[in-house]
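Place chain B on chain A using the hints.
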Amino acid sequence: MTDTQKNINSSATEKPIIEIIGMHKWYGEFHVLSDINLQVQSGEKIVICGPSGSGKSTLIRCINRLEEHQRGQIIVNGTELSNDVKNIEKVRAEVGMVFQHFNLFPHLTILENLTLGPIWVRKQPKKEAEENAMMYLEKVQIAEQAKKYPGQLSGGQQQRVAIARSLCMNPQVMLFDEPTSALDPEMIKEVLDVMIGLAEEGMTMLVVTHEMGFAKSVADRVMFMDEGEIVEQNSPDVFFDNPQHERTKLFLSQIL
Amino acid sequence: MNETPTKREYLLPPKTNVGVIGWLKTNLFSNWHNSLLTFLLVALLAWLLPPLIRWAFIDSLWNSSAEACRNIDGACWSVIPNNLRFIILGFFPEGEEWRPIVAMLLLLGLVIYSKERSRWRKSLGWLWLANIIVMGSLMHGGVFGLSVVETSQWSGLPLTLLLSFFGMIVAYPFGILLALGRRSNMPTIKTMCVTYIEMIRGVPLISMLFMSSIMFPLFLPEGVTIDKVLRALIAIILFTAAYIAEVVRGGLQAMPRGQYEAADSLGLNYSQTMRLIILPQALKIVIPPSVGILLSVFKDTSLVVIIALFDVLKTTMVTLSNPEWGRYSTESYIFLALLYFCFCYAMSSYSRKLEKELDTGY
Chain A
1 MTDTQKNINS SATEKPIIEI IGMHKWYGEF HVLSDINLQV QSGEKIVICG
51 PSGSGKSTLI RCINRLEEHQ RGQIIVNGTE LSNDVKNIEK VRAEVGMVFQ
101 HFNLFPHLTI LENLTLGPIW VRKQPKKEAE ENAMMYLEKV QIAEQAKKYP
151 GQLSGGQQQR VAIARSLCMN PQVMLFDEPT SALDPEMIKE VLDVMIGLAE
201 EGMTMLVVTH EMGFAKSVAD RVMFMDEGEI VEQNSPDVFF DNPQHERTKL
251 FLSQIL
Chain B
1 MNETPTKREY LLPPKTNVGV IGWLKTNLFS NWHNSLLTFL LVALLAWLLP
51 PLIRWAFIDS LWNSSAEACR NIDGACWSVI PNNLRFIILG FFPEGEEWRP
101 IVAMLLLLGL VIYSKERSRW RKSLGWLWLA NIIVMGSLMH GGVFGLSVVE
151 TSQWSGLPLT LLLSFFGMIV AYPFGILLAL GRRSNMPTIK TMCVTYIEMI
201 RGVPLISMLF MSSIMFPLFL PEGVTIDKVL RALIAIILFT AAYIAEVVRG
251 GLQAMPRGQY EAADSLGLNY SQTMRLIILP QALKIVIPPS VGILLSVFKD
301 TSLVVIIALF DVLKTTMVTL SNPEWGRYST ESYIFLALLY FCFCYAMSSY
351 SRKLEKELDT GY
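For the protein sequence lines, the chains are A and B, in the order given. Sequential numbering of the first sequence, starting at 1, is according to my numbering. Sequential numbering of the second sequence, starting at 1, is according to my numbering.
Quick caveat, the hints were computed from the structure, so don't treat them as lab data. One or more hints might be untrue.
Stated by the list, open to error - 20 Å max Cα-Cα, derived EDC-like pairs, lysine to aspartate or glutamate:
{"no.": "1", "chain 1": "B", "residue 1": "K353", "chain 2": "B", "residue 2": "E116"}
{"no.": "2", "chain 1": "A", "residue 1": "K90", "chain 2": "A", "residue 2": "E67"}
{"no.": "3", "chain 1": "A", "residue 1": "K86", "chain 2": "B", "residue 2": "E116"}
{"no.": "4", "chain 1": "A", "residue 1": "K90", "chain 2": "B", "residue 2": "E261"}
So that you can see chain A by itself, here it is in the shape it has in the complex (with noise of 0.2 Å):
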């Protein structure tokens, strides 16, 4: 484990985009995480997984600061959080978030939805916003939706509407939070295949997923975590066929 840290981490000497250092988070006395420790380089894919319960979520979602963490750091691109208002906003803005339940504004078309965003937070004009926005619903094959509402569009075609509007920030880093978890089997693949597509161009993702098919074809790193600790991390090779751990195998003995 810590060879393929060490190399990953000597391949990019810049400063890393997220960097966690001995971070806990309790939910009332629930100690739900405790001391997480990660360094995510610019341009890294991490998949993150384990059973459920296990702070996966959690995690990410201490990231952009949906939770809330009460002991260490967290330094996004630079800022670190803390309760600074301004703060929070400006690393929110960064980082692009994608949620099991899509999670969409039902009273905006998708359009609305896509540049809410850049009109408001970006201060970009309208125009210009509604322009990006349709370059990128072209990008997730979704074009012809634009002036639809969510509710007239199925599973798949949402998620891919909400990955848009993500990537509409242009953000730093995006966090996905168990993206096909709520999705029919034959709308799993158009979502994948958006993420891949999204990889493939060098985007800095944290994936929290049970697809451990894309984590072998797309992650430079998987996480194993499991009550709170990250109990292993290695690259996909070593992480799906070599275990170090008894607790990584019993998982990887239960999904595969």
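Only chain B this time, still in chain A's reference frame:
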């Protein structure tokens, strides 16, 4: 691969399930007790309607003197045209009737104009402001050579419309602020809003009106007076806002967490999140109960009678205190009920239209 798969045959539904026969079958005669109910209701109508029609339309007089009405069995609708001026305009000075009438037409005209959502732009706000100034000048006078009419002379329908319209328009945004305050993370603001809402909701509107007209002036410094109509209006606004706040809070609570998170993750700040994401959806959810509150505000304005303001209900009652017309209260109140009904029905049908327009299928 490119072969078109054979399509299955689509059959028409059985004849008895569609068209007039289908409608009758499902709605009036679906089973034996429904059929029985249908027959009973038809019989009831046949028994009640003819005498009612005879009274209201056949044996009635529509525009006659009070004396002529003494000798008929039917309704004496003449009470309305003969007293219409007082019922509608009350004590507004003779010869100046055109002023409140134009003001009311302006108000109704602009309300009707504002119904289309495509017209909801900034310019509409300026139009409203201009309209309010014109309406105020017409009612109060003192400018452009119009004689001054004190608010104590404002009465009848203009007063009812003034109290209810401005009551609703001001109370609604105030109620939204209260609802947001009640859900705030800041304990001071939250406590203040909760206290306000619960105190107001624990008090009847009549006592609020009493306080505004009798107790409140006692606390003002000597020489300072606030107009009585304005005081009543403020009482109505304060009262309505508390109810609106609770309804809006219900809508806010119905919003899924994911909507807040999605807005947050885009980097929107609190006021943008509320204005662009949460409130448009929450307010749409609470259209039906909000309209319920607005309708009751409209009707409750008649309570201002207890602080000696003459709304349209009171002017009608005054008309009936005239011995000549006093016996025709049924006709007068039916007229008044229709008047209230028209306004209320317009409001509720508009709200249904709005709901349909805002429905985006979620």
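How the hints compare with the structure:
1. B:K353 <-> B:E116: Answer holds: K353 of chain B to E116 of chain B is near 10 Å, not above 20 Å.
2. A:K90 <-> A:E67: 16 Å, holds
3. A:K86 <-> B:E116: Answer violated: K86 of chain A to E116 of chain B is near 39 Å, above 20 Å.
4. A:K90 <-> B:E261: 15 Å, holds
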